[in-house]
Amino acid sequence: MIKRNKKKYELVDHKALWIMLIPVLIYFILFKYLPMAGVVIAFQRYSPFKGVLASDWVGLEYFRQFFSSIYFTRVLRNTLMIGLFDLLFGFPFPIILALLLNGLSNRHFKKLTQTITLLPHFVSFVVVAGIAINMLSPSTGVINALRLKLGLDSIYFLQEPKYFWGIFTVIKIIKESGFTAIIYLAALTTIDPTLYEAAICDGANRAQQLKYVTFPALIPTIVIMFIIKIGKIISISFEQILLLQNDVILSTSEVISTLVYRRGLVNADYSYATAVGLFETFVALVLVLSSNAIVRRIKNDSSLW
Amino acid sequence: MTHPSGKKTGYKIDTIYTILIGFFITLICGIMLYPFLFTISASISNPDAVVRNQVTFFPKGPVNLEAYKILFKNNRIWSGYANTIFYTVFGTLINLIITILAAYPMSRQRFNGYKFINIFVSITMFISATGMMIPLFLVVKSLHLLDTRFAILIVFAAFPYYIILLRSFFQGLPEQMFEAARLDGASEFTILVKIVLPLSGAALATIGLYYGINRWNGYFWAMIFLRDEAKHPLQVVLRELIVLASMGEEMDANLSRSATNAEAIKYGAIVLATLPIAIIYPFIQKYFVKGATLGSVKG
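Note that the protein sequences, when read in sequence, are chains W and C. First residue of the first sequence? That's 371 in our numbering, and the numbers climb one at a time after it. First residue of the second sequence? That's 207 in our numbering, and the numbers climb one at a time after it.
Please note that a few of the clues may not be correct.
Okay, derived cross-link-like pairs now, DSS-like style, lysine-lysine, Cα gap no bigger than 25 Å in a straight line [unchecked claim]:
{"no.": "1", "chain 1": "W", "residue 1": "LYS581", "chain 2": "W", "residue 2": "LYS519"}
{"no.": "2", "chain 1": "W", "residue 1": "LYS402", "chain 2": "W", "residue 2": "LYS480"}
{"no.": "3", "chain 1": "C", "residue 1": "LYS266", "chain 2": "W", "residue 2": "LYS481"}
{"no.": "4", "chain 1": "C", "residue 1": "LYS266", "chain 2": "W", "residue 2": "LYS519"}
{"no.": "5", "chain 1": "W", "residue 1": "LYS581", "chain 2": "W", "residue 2": "LYS480"}
{"no.": "6", "chain 1": "W", "residue 1": "LYS532", "chain 2": "W", "residue 2": "LYS519"}
{"no.": "7", "chain 1": "W", "residue 1": "LYS669", "chain 2": "C", "residue 2": "LYS437"}
{"no.": "8", "chain 1": "C", "residue 1": "LYS437", "chain 2": "W", "residue 2": "LYS545"}
{"no.": "9", "chain 1": "C", "residue 1": "LYS218", "chain 2": "W", "residue 2": "LYS402"}
{"no.": "10", "chain 1": "C", "residue 1": "LYS218", "chain 2": "W", "residue 2": "LYS385"}
{"no.": "11", "chain 1": "W", "residue 1": "LYS545", "chain 2": "W", "residue 2": "LYS532"}
{"no.": "12", "chain 1": "W", "residue 1": "LYS480", "chain 2": "C", "residue 2": "LYS492"}
{"no.": "13", "chain 1": "W", "residue 1": "LYS581", "chain 2": "C", "residue 2": "LYS218"}
{"no.": "14", "chain 1": "C", "residue 1": "LYS218", "chain 2": "W", "residue 2": "LYS599"}
{"no.": "15", "chain 1": "C", "residue 1": "LYS347", "chain 2": "C", "residue 2": "LYS266"}
{"no.": "16", "chain 1": "W", "residue 1": "LYS602", "chain 2": "W", "residue 2": "LYS545"}
{"no.": "17", "chain 1": "W", "residue 1": "LYS402", "chain 2": "W", "residue 2": "LYS481"}
Keep in mind that the hints were calculated from the coordinates and are not lab data.
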């Protein structure tokens, strides 16, 4: 009995594991938790010379400034509209792509097409933005060359505010659909093949198989992916928008995250930018936590499906 | 329901269905490949043809490598390449080390810090990048890491998401194996290096490749942290060259002997930056497919 207890104690060497964690703890404290604590400067008139400890406290001053400025409605509208465009057009596309890929019977062709559709995901956004800017250019762009051939006017796409949401959505669709489709393709491989055999015995053609077997089997994955996507609706990557943005189209392309960049890192308006960032963090957190809770409930309630 | 005629229409629908799928898939692949094809063609075409919009699919005129010749002579491209290789190799190495050191203790359920470390790491996943942008910059600044190569390597030393993926993978390994090794007197470190890591080849390859691609493609924080052009990675150089299209004075002198060449050079730079990924991509694709589904399995 004593021997067993001793053995159990030795199953894990706590000290060794803590030693292993030392670099991890240092990293997380310095570059994750310290910045988290650093958001207090949103409530201060932060001065780099005085530091966090000596700067004056101003309460909600910067939040009030942000909420009452014209930027608030503008960046909120742009963020939500870009998110909504992505939801309406960007969400269905990977599903369609996965169904198309799944419908291919030639294995080599299937593999080749998956390789091609996945490729844009691994190309840097700098390159993607560079290609897009060149292709949309009014003087040397292919798209305007095509418009001229068709007898239409050349358009400076990236200088007209009204095109930005559409352009950004199309680029995201081309870049990310192949990657997101993998998740749906994985769900499709779990469908019991006997369901198809039964459907074929009942005389179902391939369109009917899609409607009565494939699509219903995908619905749980679609619902979960949709809720996750809503949870991320305001988290638009500043790294991507920033590359396609220019001063002329700020009215539609300025989102919360790029405003934080511009005010904070370009203008060194640290407290204001941190306040805006904190507002985004709060809204994003509420959205993500609610969407996670809903997903968990659906997964536990799997008898529904 | 089994009329012969009905069956026949069924087959007809199947044929139409197959043709339609083939058509749409080919169309989608065409749309996705076209920008790359165009970029390559434009980079080796006669520069005048590019400016006059005569290149649509394939290179116009005899193959023209002038743009590449100019790019190869450019110091910033080379230093960008060298820096990117440095950041990618050592950055990914640091990423993997920190990820493994975090994931292993996090996977041992009998460890007395199990709950603490799992919560400690998971919390950071929910904090948005936008909210952290300014405080993170100020932390790096106050640690006097601005404008150092070290900052690029260390500030993003691990992503909590990948730590949790690897932890889940480690937890899938049979627990009795660790306990048997412990009873034989193996230390935790020996178990990790001699037993766990050799069994985790595919998972480590997948996670390492994701980190590697992130390192290769990243531009934003390098642009923020690094003032000194000699330390800039390729993506930052590329951004200045093709996105801002406002070349520095040094660039003007070295690169654009004529405005027409400048166009071809932009396309050439895109090709040079993407080539390494395009070359290794077909060989590593299966790990990426694995990685995309790793997360969704665990939920």
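Straight-line alpha-carbon gap LYS347/C to LYS266/C, limit 25 Å: violated (50 Å)
Hinted pair LYS266/C and LYS519/W, Cα distance within 25 Å: holds (18 Å)
25 Å limit on alpha-carbon distance, applied to hinted pair LYS480/W and LYS492/C: holds (14 Å)
25 Å Cα cutoff - pair LYS545/W, LYS532/W: holds (22 Å)
Pairwise hint evaluation, LYS385/W against LYS218/C, where the allowed Cα distance is 25 Å at most: violated (70 Å)
Hinted pair LYS669/W and LYS437/C, Cα distance within 25 Å: violated (48 Å)
Pair hint LYS532/W and LYS519/W, alpha-carbon separation not exceeding 25 Å: Holds, because 23 Å separates the two Cα atoms, which is no more than 25 Å.
Given pair status - LYS218/C, LYS581/W, alpha carbons within 25 Å: Answer holds: LYS581/W to LYS218/C is near 17 Å, not above 25 Å.
Pair hint outcome, LYS581/W versus LYS480/W [Cα-Cα no greater than 25 Å]: Holds: LYS581/W and LYS480/W sit about 21 Å apart, inside 25 Å.
Restraint check for LYS581/W with LYS519/W, where alpha carbons must lie at most 25 Å apart: Distance of about 41 Å is beyond 25 Å: violated.
Agreement of LYS437/C and LYS545/W with the hint, judged by alpha carbon distance not exceeding 25 Å: This hinted pair is violated, its Cα atoms lying about 29 Å apart.
Distance restraint between LYS602/W and LYS545/W, which requires alpha-carbon spacing of 25 Å or less: holds (18 Å)
Of the numbered hints stated above, those contradicted by the structure are hints 1, 2, 3, 7, 8, 9, 10, 14, 15 and 17, listed in ascending order.
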